[in-house]
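Number of protein chains: 2
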Amino acid sequence: MLPEPLSRLIEELQRLPGIGPKGAQRLAFFMLKSPREQADRLADAIRELKARVVHCSTCNSITDSDPCVYCRSGERDLRVICVVEEPQNVTTIERTREFKGVYHVLMGALSPLQGIGPDDLKIRGLLTRIHEQQVNEVILATNPNVDGEATAIYLARLLKPLGVRVTRIATGIPVGSDLDYADDVTMHKALEGRREV
Amino acid sequence: MLPEPLSRLIEELQRLPGIGPKGAQRLAFFMLKSPREQADRLADAIRELKARVVHCSTCNSITDSDPCVYCRSGERDLRVICVVEEPQNVTTIERTREFKGVYHVLMGALSPLQGIGPDDLKIRGLLTRIHEQQVNEVILATNPNVDGEATAIYLARLLKPLGVRVTRIATGIPVGSDLDYADDVTMHKALEGRREV
Numbered sequence: 020m021l022p023e024p025l026s027r028l029i030e031e032l033q034r035l036p037g038i039g040p041k042g043a044q045r046l047a048f049f050m051l052k053s054p055r056e057q058a059d060r061l062a063d064a065i066r067e068l069k070a071r072v073v074h075c076s077t078c079n080s081i082t083d084s085d086p087c088v089y090c091r092s093g094e095r096d097l098r099v100i101c102v103v104e105e106p107q108n109v110t111t112i113e114r115t116r117e118f119k120g121v122y123h124v125l126m127g128a129l130s131p132l133q134g135i136g137p138d139d140l141k142i143r144g145l146l147t148r149i150h151e152q153q154v155n156e157v158i159l160a161t162n163p164n165v166d167g168e169a170t171a172i173y174l175a176r177l178l179k180p181l182g183v184r185v186t187r188i189a190t191g192i193p194v195g196s197d198l199d200y201a202d203d204v205t206m207h208k209a210l211e212g213r214r215e216v
Numbered sequence: 020m021l022p023e024p025l026s027r028l029i030e031e032l033q034r035l036p037g038i039g040p041k042g043a044q045r046l047a048f049f050m051l052k053s054p055r056e057q058a059d060r061l062a063d064a065i066r067e068l069k070a071r072v073v074h075c076s077t078c079n080s081i082t083d084s085d086p087c088v089y090c091r092s093g094e095r096d097l098r099v100i101c102v103v104e105e106p107q108n109v110t111t112i113e114r115t116r117e118f119k120g121v122y123h124v125l126m127g128a129l130s131p132l133q134g135i136g137p138d139d140l141k142i143r144g145l146l147t148r149i150h151e152q153q154v155n156e157v158i159l160a161t162n163p164n165v166d167g168e169a170t171a172i173y174l175a176r177l178l179k180p181l182g183v184r185v186t187r188i189a190t191g192i193p194v195g196s197d198l199d200y201a202d203d204v205t206m207h208k209a210l211e212g213r214r215e216v
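Just so you know, the sequences run in chain order A and B. For what it's worth, this note's numbering labels the leading residue of the first sequence as 20, then goes sequentially. For what it's worth, this note's numbering labels the leading residue of the second sequence as 20, then goes sequentially.
Worth double-checking, as some hints may not be accurate.
[What the hints assert, rightly or not] Just the calculated beta-carbon pair ranges, DEER-fashion:
(1) 188/B with 195/A: 40 to 50 Å
(2) 134/A with 139/B: 14 to 24 Å
(3) 143/B with 49/A: 46 to 56 Å
(4) 40/A with 201/B: 19 to 29 Å
(5) 172/B with 40/A: 32 to 42 Å
(6) 40/A with 135/B: 37 to 47 Å
(7) 134/B with 134/A: 51 to 61 Å
(8) 204/A with 172/B: 55 to 65 Å
(9) 133/A with 41/B: 18 to 28 Å
(10) 93/A with 56/B: 35 to 45 Å
(11) 134/B with 195/A: 40 to 50 Å
[Said to hold, decoys possible] Think about it this way: if two alpha-carbon atoms lie no more than 20 Å apart in a straight line, the pair counts; the simulated SDA-like pairs of lysine to any residue are:
(12) 41/B with 35/A
(13) 52/B with 85/A
(14) 52/A with 31/B
(15) 41/A with 36/B
(16) 52/A with 188/B
(17) 41/B with 162/A
(18) 52/A with 33/B
(19) 208/B with 191/B
(20) 119/B with 52/B
(21) 69/B with 66/A
(22) 69/A with 135/B
(23) 41/B with 142/A
(24) 52/A with 41/B
(25) 52/A with 135/B
(26) 52/B with 168/A
(27) 52/A with 191/B
(28) 52/A with 208/B
(29) 208/A with 144/A
(30) 52/A with 52/B
(31) 69/B with 105/A
(32) 52/A with 133/B
(33) 41/A with 42/B
(34) 52/B with 41/A
(35) 52/B with 23/A
(36) 69/A with 86/B
(37) 52/A with 26/B
(38) 119/B with 67/B
(39) 69/B with 73/A
(40) 41/B with 193/A
No lab work stands behind these hints: they were computed from the structure. C-beta: ideal position from N, C-alpha, C; glycine also.
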C-alpha cells in the first residue's frame, strides 16, 4: 500500500506517452530520492510551460513571445514557407541549419479515419499569408505516411492554382542506412526519385 | 530554437532515469498539447510528494504518516522482520499478499566500489529493533546481485550471534520461464537450492 501522494504521482505520470505502470513507479521513487530542489524545478518547469508558451499568431509554431522568432526575424526569407504538421517538426528542420525561410504549422494532418478534415487544420492562415505576401514557394514537409501524404496532395491541389510553386520533401533511403533494411515502399520511392549525378 | 520554458522543461525531464533527449522532448511537447489542468495536476503531485511523503522512523519505508501502515498495524507479526534495500522493494513483497511480518529498509546495499559501507546503511535501527522486540526471524530480501549478496552475508554474520533466526530468500529459475533462458549462475543456484518433492 503506497502513500497517497506517491500513488497519485504514479497515476499522473502514467498519463504521459510511453510511460507504463512500472516506468511511472520508477520515476516516482526516483523523485522521492532526489533533492527537493530538483523536484521543485521540474514542477515549476511544467507550470511555466503552460503559462508562458503560446502559439505564434502567424505560423502557429510555439513561442514565448508572439510573433515567433522566425516570423519576426529580419533575416528569414518570408517568400518561402515550409508547411509542417506539428510544432516539434520545426525543431527538426531547424537542426539542419539549411532552411532560411519561414514556417507554417498545420496543427495536425488530414485523417478521414480519425475524422480530421481540412477545417480542423490551420489552412486558412496559410492561404492568407500566400495572398498577402509575395510567396514564391511552399515546401510541403508533412510526414511521409498515409495522413501526411494525403495532406500534401490536398494542399498541392489547393495551392497550385494560386500560382505559387509547391514542392514536396524527398522520400528515400535514410543516409547512413543500408539498402537491405529499407522497406519496399521506401525502396520504390528511392528509385522513383533518382537524380542525375 | 525552442522557447525558453520548453527547453528548460526538456532539460529537467532529462535528469529523470531512462529519459534521454528525444524522450524528454516528446514528453514536453505532449504536455504542451495536453490540457492545462492535467499539467497542473502533475506539477502538484510532484510538489505534494516531496512535501508529504516521509520515511517511517521505525522501518524507513515510505509513508504519509509516521509510523508507517505496517509498523502501526495491529495485524502484522512484529517478530518477523523482512530486510530490503529500497522502499519500493516493500511494494514488490506486499504484492504477493503472503508476508504478514514487518519490514526494515536499509536504504541501499553494501558497495565497496561505490564507497558504501555498513555505516551508510540503516543497520543500527535494525539492531535496536531486534534487541527491544522479541524478533524470531530476520528474512534477508536484499537483491540477488553482488552488492545485495554481500549485504546479506554481512548481516547474517552480524545477526546470528544475537540468537535470531536469519533466512535468505530463494534464488532460482523464475516461474513461467524456460530453463534454456537461465544464465549459468542462476541455473547453478537452482540446482543447489533443490528441494524434496
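A quick look at each hint next to the structure:
1. 188/B with 195/A: 40 to 50 Å: Taking Cβ atoms as reference, residue 188/B and residue 195/A lie about 47 Å apart, which means the hint holds.
2. 134/A with 139/B: 14 to 24 Å: With Cβ atoms ~58 Å apart, the hint is violated.
3. 143/B with 49/A: 46 to 56 Å: violated (26 Å)
4. 40/A with 201/B: 19 to 29 Å: The hint (19 to 29 Å, Cβ to Cβ) holds, given that residue 40/A and residue 201/B are roughly 26 Å apart.
5. 172/B with 40/A: 32 to 42 Å: holds (33 Å)
6. 40/A with 135/B: 37 to 47 Å: violated (29 Å)
7. 134/B with 134/A: 51 to 61 Å: holds (59 Å)
8. 204/A with 172/B: 55 to 65 Å: holds (59 Å)
9. 133/A with 41/B: 18 to 28 Å: Between residue 133/A and residue 41/B, where Cβ atoms are some 25 Å apart, the hint holds.
10. 93/A with 56/B: 35 to 45 Å: holds (39 Å)
11. 134/B with 195/A: 40 to 50 Å: holds (41 Å)
12. 41/B with 35/A: holds (14 Å)
13. 52/B with 85/A: holds (18 Å)
14. 52/A with 31/B: holds (15 Å)
15. 41/A with 36/B: holds (13 Å)
16. 52/A with 188/B: violated (26 Å)
17. 41/B with 162/A: Holds, at about 18 Å.
18. 52/A with 33/B: holds (16 Å)
19. 208/B with 191/B: holds (6 Å)
20. 119/B with 52/B: Violated - the C-alpha atoms of residue 52/B and residue 119/B are around 46 Å apart, more than 20 Å.
21. 69/B with 66/A: holds (17 Å)
22. 69/A with 135/B: Judged against 20 Å, a Cα distance of about 41 Å means the pair is violated.
23. 41/B with 142/A: Violated. Residue 41/B to residue 142/A sits at ~29 Å, over the 20 Å cutoff.
24. 52/A with 41/B: Roughly 24 Å separates the two Cα atoms, so the pair is violated.
25. 52/A with 135/B: holds (16 Å)
26. 52/B with 168/A: Between residue 52/B and residue 168/A the Cα gap is close to 23 Å, so the pair fails against 20 Å, i.e. violated.
27. 52/A with 191/B: violated (31 Å)
28. 52/A with 208/B: violated (33 Å)
29. 208/A with 144/A: Since the Cα atoms of residue 208/A and residue 144/A sit roughly 31 Å apart, the hinted pair is violated (cutoff 20 Å).
30. 52/A with 52/B: violated (29 Å)
31. 69/B with 105/A: Between residue 69/B and residue 105/A the Cα gap is close to 35 Å, so the pair fails against 20 Å, i.e. violated.
32. 52/A with 133/B: holds (17 Å)
33. 41/A with 42/B: Cα-Cα ~17 Å, so holds.
34. 52/B with 41/A: Outside the cut-off at roughly 24 Å; violated.
35. 52/B with 23/A: violated (27 Å)
36. 69/A with 86/B: Status violated; Cα separation ~38 Å.
37. 52/A with 26/B: Status violated; Cα separation ~24 Å.
38. 119/B with 67/B: Cα-Cα ~30 Å, so violated.
39. 69/B with 73/A: Distance ~30 Å between residue 69/B and residue 73/A Cα, so the pair is violated.
40. 41/B with 193/A: Roughly 19 Å between the alpha carbons, so the hint for residue 41/B and residue 193/A holds.
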